[in-house]
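As given, the protein sequences belong to chains H and X, one line each in that order. Numbering follows our numbering, in which position 356 of the first sequence is assigned residue number 356; successive positions increment by one, without gaps. Numbering follows our numbering, in which position 58 of the second sequence is assigned residue number 58; successive positions increment by one, without gaps.
Treat the hints as calculated values from the structure; they're not laboratory data. Treat the hints with care, as some may be off.
[Stated by the list, open to error] Sample of chain H residues lacking proximity to chain X, with all beta carbon distances greater than 12 Å (derived):
1) V24
2) N165
3) E309
[Said to hold, decoys possible] BS3-like, lysine-lysine: derived pairs with alpha carbons at most 25 Å apart:
4) X/K166 to X/K336
5) X/K352 to H/K66
6) X/K316 to H/K312
7) X/K70 to X/K285
8) H/K332 to H/K166
9) H/K28 to X/K70
10) H/K398 to H/K336
11) X/K58 to X/K365
12) H/K3 to X/K312
13) H/K336 to H/K369
14) X/K155 to X/K210
15) X/K155 to X/K195
16) H/K316 to X/K66
17) H/K66 to X/K323
18) X/K313 to H/K285
19) X/K352 to X/K327
20) X/K70 to H/K312
21) X/K70 to H/K316
22) X/K365 to X/K408
23) X/K240 to H/K3
24) H/K70 to X/K323
25) X/K66 to H/K313
Just so it is clear, CB atoms sit at the ideal spot from N, CA and C, and this is done for glycine as well.
2 protein chains.
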Amino acid sequence: MIKINENFLNLQQNYLFSTIHKKVDAYKAQNPNADIINLGIGDVTRPIPKIIVESVKKAMDEMGEKATFKGYGPECGYEFLRQKIAENDYKNLNIDKDEIFISDGAKCDTGNIVDIFSLSAKVAIADPVYPVYLDSNVICGRTGQYNNNTGRYEKIIYINLTEENKFEPSPSQLEEIPDLIYLCSPNNPTGVGMKKETLKLWVDYAITNKSIILFDAAYEAFIEEDNIPHSIYEIDGADKVAIEFKSYSKTAGFTGLRCAYTVIPKRIEIQASNGEIIRLNEIWKRRSSTKFNGVSYIIQRGAEAIYSEEGKKQVKENILYYKQNAKIIKNKLEEKGIIAFGGINSPYIWLKIPENLTSWEYFDKLLTKYNVVGTPGVGFGRNGEGYLRLTAFGDREKTIEAIDRIVKN
Amino acid sequence: MIKINENFLNLQQNYLFSTIHKKVDAYKAQNPNADIINLGIGDVTRPIPKIIVESVKKAMDEMGEKATFKGYGPECGYEFLRQKIAENDYKNLNIDKDEIFISDGAKCDTGNIVDIFSLSAKVAIADPVYPVYLDSNVICGRTGQYNNNTGRYEKIIYINLTEENKFEPSPSQLEEIPDLIYLCSPNNPTGVGMKKETLKLWVDYAITNKSIILFDAAYEAFIEEDNIPHSIYEIDGADKVAIEFKSYSKTAGFTGLRCAYTVIPKRIEIQASNGEIIRLNEIWKRRSSTKFNGVSYIIQRGAEAIYSEEGKKQVKENILYYKQNAKIIKNKLEEKGIIAFGGINSPYIWLKIPENLTSWEYFDKLLTKYNVVGTPGVGFGRNGEGYLRLTAFGDREKTIEAIDRIVKN
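Could you put the whole structure together from the sequences, leaning on the hints where they help?
Quick look at the structure:
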């Protein structure tokens, strides 16, 4: 008799953004004329730069001609794209094209990466943070039961991000030694980037304790301060202990096109029980060739165009547009005396709720009273209670309008 | 101290097609002028039909304009495509759009589906068959050790496909009751389609024993005989016990574009340990929303065009082209007295090696003597030893040339 994977029943809530989606839809159904402005889900709104559009269309024309048609591509991505990434994103960082794996999204990669480690691995996850890290570990059975009293899973080592530590994780907080450490910088949802010296503490810790760092750098393009690393491989020794996830979603507006990549240096070696030295790079390659068939050729050609001179220019313009939104949101909130983190090296603003309301109560108030959608902080972890995440990915005028509605009331 | 998932070390070989690729590359390097014809990997060669090319390009233009830009789409696929699939591929079969999940490949889905079932599930897999079913279960730990003497994994229930049973699996062969049953029809690699009465035996068996059938119908479009079902849902009761996988790869030439879908009817209900009745449809939706972010919008628009009148016509032409190739291969081999299965309801021809050679020896002979690449049957399972798979996806002239080289010698 078949049984399901009952770890799914151990998940505590629907996926955060599905829940928000349902609440907004229900409100819309009852208030069809409401002018709702969504600063909730971290989805971009600027169109894809022209040079990328033309590259994808050109590649699609190739697909329509016998001489240039492309069938199955390499599971780990075309060399033309991996080479460009190595040369541009990892210039002087000693990352080779064969250490780069193209995928259809950092969400998939950060989710699927759980497959390559022992089920008994102890996992450290920040609170608050992007829910996929925790949920994918719940599904594969690496957590214990959810404890309703503490609001936390057994067996997970939580790294508390709070106003007191300025939402920056430090290994000194760890109560036991984790095997896997998820770090997200600039952090989703707090918008706080990790400083170079802090990241170095983590890399040194991982080297000493033979842990692996899973470093999510999906928002790297928004960094503007000098002391916030763009890649974990800026830290000496990280290429022996860290996997890095990057995405074109927020950088170049690829949320609807789907392309990202993961870096697994060949220097990450792990000893198996039989004494054999195993390269994580090889294991991920094996997983990819078994359970994945590569990213659409035409999308990879689009991603390649990001690295052209014109592509870089157009992409940068979009990022600056969003960054300006972030500054506006942050400034308007702070002028009103509302405390807001992030928004400098990140498209996310982490608003401290200025009233005695929970995250979901404030979410409901914003939705029903001001017709503005944010993301309840508690959806990212217990420490997110009392906060709300706002995103800078909206249209300029609508973003201003949304914040004005909040602060004028 | 981190450990890898050591189940990876239990995999017996590199992914079959990677190994072939390496062998061919090595031969090419030593014989740069060799005119190699590849009838090995099941990859299409006909260009994408024009109407699909135009649909994708139009969608890409939308992505370049603010008013029509699309960000994150629904994780389970756009309704416009799911609706078309329900109306066309499942006409009169009572499958609803909400039971259809769009993905980037049947390989991903048949691989990732392992996530939603209990790790203790007993798995039945045909031998020979597409390697992903077995390998994905090895990786997640559902098999025991590989036994070098038997050439098989402990804990897996093998369904022997042989010349004696005409490569058609039957539940009467089962030595114990499986929880999960992988069936592939028309089968990859044998090219044999399951007859309606045989498939009914399996559905009835699954209902009686509370098993789930994972039905891979990736080659359904090649079926021409009346008594071979195009969908498992043609069998009464299958909507309570079967998941079906379909792909646009071989149908519409999408191997390089990446689009497929999986059907999970809401009538599949499984009782959890706590007594709760769980719909598999909901569990897969939860997995998708946690670890996947949907297929590229522009690719889904391309897939939608397959269902237009012109799309159907153009796609059919390509399939007929490949089917004609299959007939030519099969006829030429049989004229020479070589036994060949498949090739009628399938693009695959399962050649019985006419000499006292193993699959890999015959592979090497074909590669080095005739410069023709096939796929060694043993790569699909122990029962595949002594066979070679040829595919009909090549260019007409080159296909004829390849078979002539084989039969004239």
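Evaluated hints:
no.: 1; hint: V24; verdict: holds, 14 Å
no.: 2; hint: N165; verdict: holds, 25 Å
no.: 3; hint: E309; verdict: holds, 19 Å
no.: 4; hint: X/K166 to X/K336; verdict: holds, 21 Å
no.: 5; hint: X/K352 to H/K66; verdict: violated, 32 Å
no.: 6; hint: X/K316 to H/K312; verdict: violated, 42 Å
no.: 7; hint: X/K70 to X/K285; verdict: holds, 21 Å
no.: 8; hint: H/K332 to H/K166; verdict: holds, 21 Å
no.: 9; hint: H/K28 to X/K70; verdict: holds, 20 Å
no.: 10; hint: H/K398 to H/K336; verdict: holds, 19 Å
no.: 11; hint: X/K58 to X/K365; verdict: violated, 47 Å
no.: 12; hint: H/K3 to X/K312; verdict: violated, 40 Å
no.: 13; hint: H/K336 to H/K369; verdict: holds, 18 Å
no.: 14; hint: X/K155 to X/K210; verdict: holds, 19 Å
no.: 15; hint: X/K155 to X/K195; verdict: violated, 28 Å
no.: 16; hint: H/K316 to X/K66; verdict: holds, 17 Å
no.: 17; hint: H/K66 to X/K323; verdict: holds, 18 Å
no.: 18; hint: X/K313 to H/K285; verdict: violated, 38 Å
no.: 19; hint: X/K352 to X/K327; verdict: holds, 16 Å
no.: 20; hint: X/K70 to H/K312; verdict: holds, 21 Å
no.: 21; hint: X/K70 to H/K316; verdict: holds, 20 Å
no.: 22; hint: X/K365 to X/K408; verdict: holds, 14 Å
no.: 23; hint: X/K240 to H/K3; verdict: holds, 14 Å
no.: 24; hint: H/K70 to X/K323; verdict: holds, 20 Å
no.: 25; hint: X/K66 to H/K313; verdict: holds, 18 Å
Of the numbered hints stated above, those contradicted by the structure are hints 5, 6, 11, 12, 15, 18, listed in ascending order.
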